[in-house]
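Asks: Between the sequences and the hints, there should be enough to build the whole structure, so can you do that?
Heads up: the protein sequence lines correspond to chains A and B, in order.
Sequential numbering from 11 applies to the first sequence in the numbering used here.
Sequential numbering from -17 applies to the second sequence in the numbering used here.
In case anyone wonders, no lab produced these hints; they're calculated from the structure.
A virtual CB, placed ideally from N, CA and C, is assigned to each residue, including glycine.
Derived lysine-lysine pairs resembling DSBU-like cross-links, with alpha carbons at most 35 angstroms apart:
id, chain 1, residue 1, chain 2, residue 2
1, A, K65, B, K(-9)
2, A, K165, B, K(-16)
3, B, K(-9), A, K100
4, B, K(-16), A, K163
5, A, K38, B, K77
6, B, K92, A, K136
7, A, K163, B, K91
8, A, K72, B, K274
9, B, K92, A, K120
10, B, K274, A, K100
11, A, K65, B, K(-5)
12, B, K77, A, K120
13, A, K100, B, K(-5)
14, B, K(-5), A, K120
15, B, K77, A, K84
16, A, K25, B, K77
17, A, K72, B, K92
18, B, K91, A, K65
19, B, K(-1), A, K182
20, A, K100, B, K1
21, A, K136, B, K(-5)
22, A, K165, B, K(-5)
23, B, K1, A, K145
24, B, K274, A, K163
So these bits of chain B aren't anywhere near chain A, every CB distance computed over 10 angstroms:
id, residue
25, T19
26, K31
27, P35
28, A117
29, F142
30, C157
31, F158
32, A222
33, N241
34, F245
35, S250
36, S261
37, L266
38, I270
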Amino acid sequence: MENIIEIDGLYKSFKEVKAVQNISFRVKRGELFAFLGVNGAGKSTTISILCGQLKKDAGRVKIDGVDLDTDEDKIKRDLGVVFQNSVLDKALTVRDNLESRAALYGIYGKEFERRLDELADLLDFKALLSRTVGKLSGGQRRRVDIARALLHKPKILILDEPTTGLDPQTRKLLWGVVSELRRTEDMTVFLTTHYMEEAAEADYVVILDGGRIVAEGTPLQLKNEYTGDFITLYGIEEKQAALLGAPYERTTNGYRISIQNTATATDMILKNPEVFTDYEIVKGKMDDVFLAVTGKSLMGGEEK
Amino acid sequence: MKALSLLIKRNCKMFFKDKGLFFTSLITPLILLVLYTTFLGEVYRDSFKMSLPQGMEIPERLIEACVGGQLFSSLLAVCCVTVAFCSNMLMVQDKMTGARNDLLIAPVKKSTLAFGYYIATAITTLIVCFVAALASFIYLACVGWYLSFADVCLLFLDIFLLSMFGTALSSMINCFLSTQGQMSAVGTIVSAGYGFICGAYMPISQFSDGLQKAISLLPGTYGTSLIRNHALAGAFEEMAAQGFPVEVVESIKNSIDCNLYFFGNEVSVGAMYAVLAVSVLVLLGAYILVHKLSDKKK
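Replies: Shown next as structure tokens:
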């Protein structure tokens, strides 16, 4: 797969604050790319540079083969952005909002009506078109935000913490739409999130800390490199867990044993078959990766 | 071009649908109306009667036309500027809500956005002011109508020019604002202060010499005077027709700022138009320059 985003040696400072320091990464066309980091790690700065809203101090940004320094407008046509907080006009109706934004991409008249119909069907907001945005629920507003980002059929959809504070139903709808767009339109999704279960679904993950990339890879590579496996044993006594000779912790129905990798698990099962009557082996989670890499934990949007 | 027109439509709708912006813009004119109905109108009636030579009778409709003309001119003078300021607060509000970022994500030039705000402010200000002017004409027709067709046309021209001045001035000032605090501060200062410095609440002629000279440096003052001159032109002609001495009419004109003096020299109506028009052009030029410079910063 070819690269759709190429960033090399990106730097950005705000007076003494070095927001982004020598960041380089690639995003492949059609992939779900996750950009992780605590608040202030440099995620938003990088996105703002990508979108042409901030000027970089140094480095090179190429989107779909176009250098940001040479044709910013072309790049803007390729990007759709769902901001962390809804930025639509609360006093206007959904239709008015989308009409004014579509015009900025040269979409109006019948072309706009056609696109509006498509998006209203896709995101199920036909009934909301004449409602004032300020009177919509958080989930309804999010659907309209996504429609706004998709108005001009962008090649890359940037989702900046899109599901924070959303109900499970809207979250499911959002991810359903994103999957559909990736499948049918080969859309690339650039995601920043505080929900590690969402990052775990990504094709590639970059973790930022203090403006630098501290880890990157597929979720599996990161889990293998930065966390071990876990065996959860059910229906055993604590002394049996202790006998296995690995760190363990009590869970609701049993004990969770930390092991280095799957090979260690196999070895342990073969040596202690009497203990392994009811058990499961799982890889470490992205939370564990994040904690191991940054020394910080992301729990539903909060730095711990 | 289509993007600009839809942006203007969006900005106009935002002004009329955002109750905060719309009603705030009407506060100063409403205060003025309350002042006139409660005591200013009576003060002006009395001062007109007192300025007349002893034994001279004046029809009640003529006095009402004079007082109404003053109300008309004061109301429109503040409306043209305060409505423009409030309407143009949208550019600050867009910065605060993040809507500006959303607009700039699209391949739209910053200059297009800037003109979108400018033209929308001019349109909304003109709509509100022309509606206020029509209401004032109806009021004058009821209490005492002495305006000629030419006066009415010139009044519309004055309102147009002063609205353009308010739009240009507010664009220039508001483009430096970015927080709620700054927005409130400017809104309060303009709402509370402009009525005084343009001579709407009380004639500038009643201020001290130093203050009069300082106010004569402000272009908006001439806008108020232009509207006042044309709103009262018919009434003054009627006074002359009824045999009022020229000195008396001139004295009334002096007392209510129809005649303005720039460091002792009387400013002609033509010069007032020139001051206002040049101010609009200078402010518009400065606005464009500020945007060109801020484009390079980022």
